[in-house]
Amino acid sequence: MKNPIIGTLSEKGLHADIKDFLVRPGDKIEMPVDGFVADIFRDGEIIEIQTQNFGAMRKKLTHLLGYYPVHLVHPIYVEKMIVRQDPDGREINRKKSPKKGKPIDIFEELVYIRELVMHPNLTFEILMTREEEIRRQDPKRRKWNGWYVYDRRLVEVVDRIVLASYRDFKALLPADLPVPFTNKELGEILGCSHHQANSITYTMKRMGALQQVGKRGNAILFM
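Numbering follows the numbering used here, with no gaps: position 142 of the sequence shown is 142.
Calculated from the structure, these hints are not laboratory results.
Yeah, the Cβ is synthetic: ideal placement off N, Cα and C, and Gly gets one too.
It is possible that some hints are incorrect.
Ranges of calculated distance between the beta carbons of each label pair, as one might list FRET restraints [as the list claims (entries may be wrong)]:
no. : residue 1 : residue 2 : range
1   : Ala219    : Lys143    : 35 to 43 Å
2   : Asn145    : Gly13     : 17 to 25 Å
3   : Gly214    : Ser193    : 20 to 28 Å
4   : Arg94     : Met118    : 37 to 45 Å
5   : Ala219    : Arg167    : 24 to 32 Å
With a straight-line Cα cutoff of 27 Å, these simulated DSSO-like cross-link-like pairs (lysine-lysine) come out [stated by the list, open to error]:
no. : residue 1 : residue 2
6   : Lys205    : Lys60
7   : Lys59     : Lys80
8   : Lys95     : Lys80
Make a model of the complete structure from these sequences and hints.
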């Protein structure tokens, strides 16, 4: 006989889909803990699902990490299907987005909780996913001709990457990155902006995964 799952709440979207993917028999769902709500409570560990905006959970993490191990799960899509629906939810069309995420994209969020990343009670897990982005049109909205993101849904988890030490984070850097390297070189290899590259190196430096080893002209060198 399966153990009941305690405390299930009605929920939609990517967050709920990931919770369904992660949950095991005996887990406590949406459990009140010290004035906060834990997505999943399992054998004394809190599992939190955060699809975006890590900064919004800084207060929650700061408190919970003082008392519990916390495992923070974050999805990054390798494939996204954009599904357009009419206001009643009937599908109009669908097309594949040209954008593809990479594991290192997690640093776009980590920079907002950089002081907590290496806390001994905190581990991370990246779910590399295929997802659907549901868009609907509202004539009252002016932006994007009224189209807005109504929901996101999980289609498949294609890989799971656990980050538990600074070495795990450093392993996310491109294998063909020169040693030492600059933010410009990192951005060129990743195909990202200088600002994004700087967020990566700044956060990695704060967590001890990178060291500043000098300059090449005005450019800071990291390794």
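Status of the hints after comparison with the structure:
{"no.": "1", "hint": "Ala219 / Lys143: 35 to 43 Å", "verdict": "holds (38 Å)"}
{"no.": "2", "hint": "Asn145 / Gly13: 17 to 25 Å", "verdict": "holds (23 Å)"}
{"no.": "3", "hint": "Gly214 / Ser193: 20 to 28 Å", "verdict": "holds (24 Å)"}
{"no.": "4", "hint": "Arg94 / Met118: 37 to 45 Å", "verdict": "holds (41 Å)"}
{"no.": "5", "hint": "Ala219 / Arg167: 24 to 32 Å", "verdict": "holds (25 Å)"}
{"no.": "6", "hint": "Lys205 / Lys60", "verdict": "holds (24 Å)"}
{"no.": "7", "hint": "Lys59 / Lys80", "verdict": "violated (31 Å)"}
{"no.": "8", "hint": "Lys95 / Lys80", "verdict": "holds (9 Å)"}
Figure legend: structure checked against the earlier numbered hints; the only hint not met is number 7.
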